[in-house]
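Since chain C is already given, all that's left is putting chain S on it; use the hints.
2 protein chains.
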Amino acid sequence: MGFEVTDKKIIIIGCGASGGTAAQFARKTDRKASITIVEQGKYSQYSKCGLPYTVSGEIPNVYDLIEYDSEWFKKEKIELLLNSTVSDINTKSQSVTIQNDTETIEKKYDTLIFCTGAFPFVPPIKNINTNDGLADNVFSVRTIDDVKNISSKIKKDMKATIIGAGLIGLEMADCLYKKGLKITIIEALPQILANNMDEDTLQPILSILTEKTTLYTNHIAVQAKQKNDKVTSIIIQNQKDSKQQEIDTDIVIIATGTKPNVSLAEKIGCTIGKTGGIVVNQQAQTSLKDVYAAGDCTQYNNSINDKPTLIGLGSIAVRQAIAAGINAAGKSYELPKGVLLTRTSEFFGIEIAAVGLDSNASKDIPMIYAKLKGSSKPPYFPGGEPIVIKIGIHEKTGVILAAQAVGSNAAQRINTFACAIQNKVNVEDFRKLETAYAPPIAPTLDVITLVCDIASRKFKGKNR
Amino acid sequence: MGFEVTDKKIIIIGCGASGGTAAQFARKTDRKASITIVEQGKYSQYSKCGLPYTVSGEIPNVYDLIEYDSEWFKKEKIELLLNSTVSDINTKSQSVTIQNDTETIEKKYDTLIFCTGAFPFVPPIKNINTNDGLADNVFSVRTIDDVKNISSKIKKDMKATIIGAGLIGLEMADCLYKKGLKITIIEALPQILANNMDEDTLQPILSILTEKTTLYTNHIAVQAKQKNDKVTSIIIQNQKDSKQQEIDTDIVIIATGTKPNVSLAEKIGCTIGKTGGIVVNQQAQTSLKDVYAAGDCTQYNNSINDKPTLIGLGSIAVRQAIAAGINAAGKSYELPKGVLLTRTSEFFGIEIAAVGLDSNASKDIPMIYAKLKGSSKPPYFPGGEPIVIKIGIHEKTGVILAAQAVGSNAAQRINTFACAIQNKVNVEDFRKLETAYAPPIAPTLDVITLVCDIASRKFKGKNR
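Top line first, the protein sequences correspond to chains C and S.
Anchor point for the first sequence: position 450 equals 1830 in the numbering used here, and the numbering is continuous, going up by one each time.
Anchor point for the second sequence: position 63 equals 1443 in the numbering used here, and the numbering is continuous, going up by one each time.
Excised from the complex, chain C in its bound form:
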């Protein structure tokens, strides 16, 4: 365990996207610092977001997900302790207790970074567990081992039940569908992709889900039936009329969200926010001096209504980690005041993206919404793809606060709205934005400005 200690000592707990990135940026900031990462798993920094695509085979080898391997950390003189856990932290002596199979050591730190991520949340489904954890054919999608296990179990024509119709649930539905499985999706809420998209933008996705899968919204999984430690069926219950039905299944995927892993941080006195995440500031600093945090274990305000938000997005994790790494290494890097929650995914060939809060989450802000269905190309050019776009503006100021898109280049179109929201651009200015036009590529007036014309008319109607 050891490189020569020359200078500042930085310890990072966790080597996911944020832990690895924090180490990388700490090293860029201070070439001499002693940097140690303690990772409980057996792999170095890999992409969690890529996990579903190893099941579909789009990513051919699960180990391709490893973005920086042990060699890379070695080359950068970053000490990487795999299969190791931090069992205790002493903030007075500024040291952590690290345990692995063979030894327990104490290690001093000057700055500490929590990149402890989040645990998959498993809802209370009766009989989903064996004595030994989840039943043999029930999986979360959180680690390389999870998807290795899923891939080893699936065969064409098997029945898969996916619990949770959020981003991961639908990504897994698509990936398992591509492998020829028959898909049933169970969602407790009245709509899919809650917290991500408004229901009225989702028609293209709903059409294809209805065609290619069996989708139960407003249903909760209440009980599993097992045989030989395997779940053979799931009993689901309609939330409206409490009627139950039994869904036969060969494999169950739990995709009902995550819970931040904050026990160590809480123990040493870091403030935990009401969302359950470690509260961090613009420097990715916790409430304790010299202690930073980044990624899925943190809570940060969103820039829309300044309310605390759990950070469950890899893109934000990496940006926080850049700040944590640089600040922990002694230079200064400030994050924007709040996050925009820019997000995207793709299921069954349809791209979705959004930025800002969905309508439910922004109920406390007086908003005007506008929606438009347009095309990616001018009407005379064959091959234009449909796009549904919806924006939300502040009812009194006209400032753009949210945007959602489903269809062609949704993510890049939403990035332009992200820039607008970051800079508090008014819908009156944005609707005059000169977008790029060429017949094979985009229409003369892109849907991103046309939807603003609609919002502008509504705004003027309300504020005349």
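FYI, nobody ran anything at the bench for these hints, they're computed from the structure.
Please note that the accuracy of each hint is not assured.
Residues on chain C that point at chain S, a partial pick, calculated with CB under 8 Å [said to hold, decoys possible]:
| # | residue |
| --- | --- |
| 1 | I1439 |
| 2 | V1698 |
| 3 | R1793 |
| 4 | N1795 |
| 5 | A1798 |
| 6 | Q1802 |
| 7 | P1820 |
| 8 | A1822 |
Where is the CB? At the ideal position from N, CA and C, for every residue including glycine.
The following block gives chain S in isolation, referenced to the frame of chain C:
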């Protein structure tokens, strides 16, 4: 010739994209106004930008380009006079003299809109003309009849010579290549796409042009040889050493730019700018009261260095026409103070886009440039496409002033920079922009922010 005159009288000269759009927005603004469009050609509003793609066959029928047909204008109670020219304008009596094959009429106006477009510029190539205009196999690409003629003349394995390697020249090169012709491109300047892109971003295009066509930069076409009113070869001359060579050809495309059609406007006293276009303001108004102009016949300032610019982009033409139509009809609509010159195209499968001035045109501004070659997807996800991205920021302020992209989703990526430039966003803020990330769609940190990290480092280096 006539609908009942009820109220305000608006006459629009020209029914291209800007003339048709101006009429449409004038009508939306004033349901009762008498609106007349005088168009010298035989077709109503069609897409000039779409012309090349009727030659390749991507747009199967040339008449598909007609965006609003005579019926549409009739339904909107807009009088459309085709095959008609305005021979004179009397600003005192506020009337125009309109001629067609059979009659000459006077028509009163309250407001007048010039949408007279631009003529193709034909460089002085000896012997390119017959007594009857251009030789039989020499064409510009400006009208439906031009491309109908081109399409009727071309056959697989013919030799095509394209004079001018700007947007239209390269679009035609691609479209004729798709029909199996052998392509030679002659460009007088040292680089292709001058005024649009910097040479150092163009390597992907140059590679493919070198592979699929014969490209002569730094060469001017000096003379044509004719047989039976057809050009059989073009003699080109190297601008450096004056060496000449003869290029056999079956068809010649002239794509060396356009000249604004301003003679009528000039005659009545509209100020013509030094670029040769009609000077218009934020209301799309000329120097004369009650006289407006929009599109390729106008000059407007660009928002980067506030210098006058010729508007040769359909996207801007339409935006000016919206302003002209609304203002001419009596309501108020203000354009942004300057144009961003957001532009895009695609040749040989490679998308290019840019916003702001190219490096040459912004020599008077102290700039810092940064360039990056990245990918459209994370490295572990197969199928990522290369993107070259270059930005220019102000050396003293760090404000983003220009961006260029070649590759995957160049246009939508440039739109995000257009939003940044419109709102004078600093590179320090833009580089922290939260872009949408998902493995099949975009990397954790998009090239649009990564290139800003490079610019930021250079900026800090210069301003420490």
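Against the structure, the hints come out as follows:
Hint on I1439 (chain C) holds. Least Cβ distance to chain S is approximately 6 Å, under the 8 Å limit. Checking V1698 (chain C) against chain S: minimum C-beta separation of about 5 Å stays under 8 Å; hint holds. At its closest, the beta carbon of R1793 (chain C) sits 6 Å from a beta carbon of chain S; the interface hint therefore holds under the 8 Å criterion. Restraint check, N1795 (chain C) versus chain S: the minimum CB separation of about 5 Å is within 8 Å; hint holds.
For A1798 (chain C), the suggested interface contact is upheld, since its CB lies about 6 Å from the closest CB of chain S, less than 8 Å. Interface restraint check for Q1802 (chain C): the shortest CB-CB distance to chain S comes to about 6 Å, inside 8 Å, so the restraint holds. With 8 Å as the threshold, the beta carbon of P1820 (chain C) comes within range of chain S, its nearest partner Cβ sitting at about 5 Å, so the hint holds. Of the supplied interface hints, the one on A1822 (chain C) holds, with its beta-carbon coming within about 5 Å of a beta-carbon of chain S, less than 8 Å.
Violation of the numbered hints given earlier is absent; every hint is satisfied by the structure.
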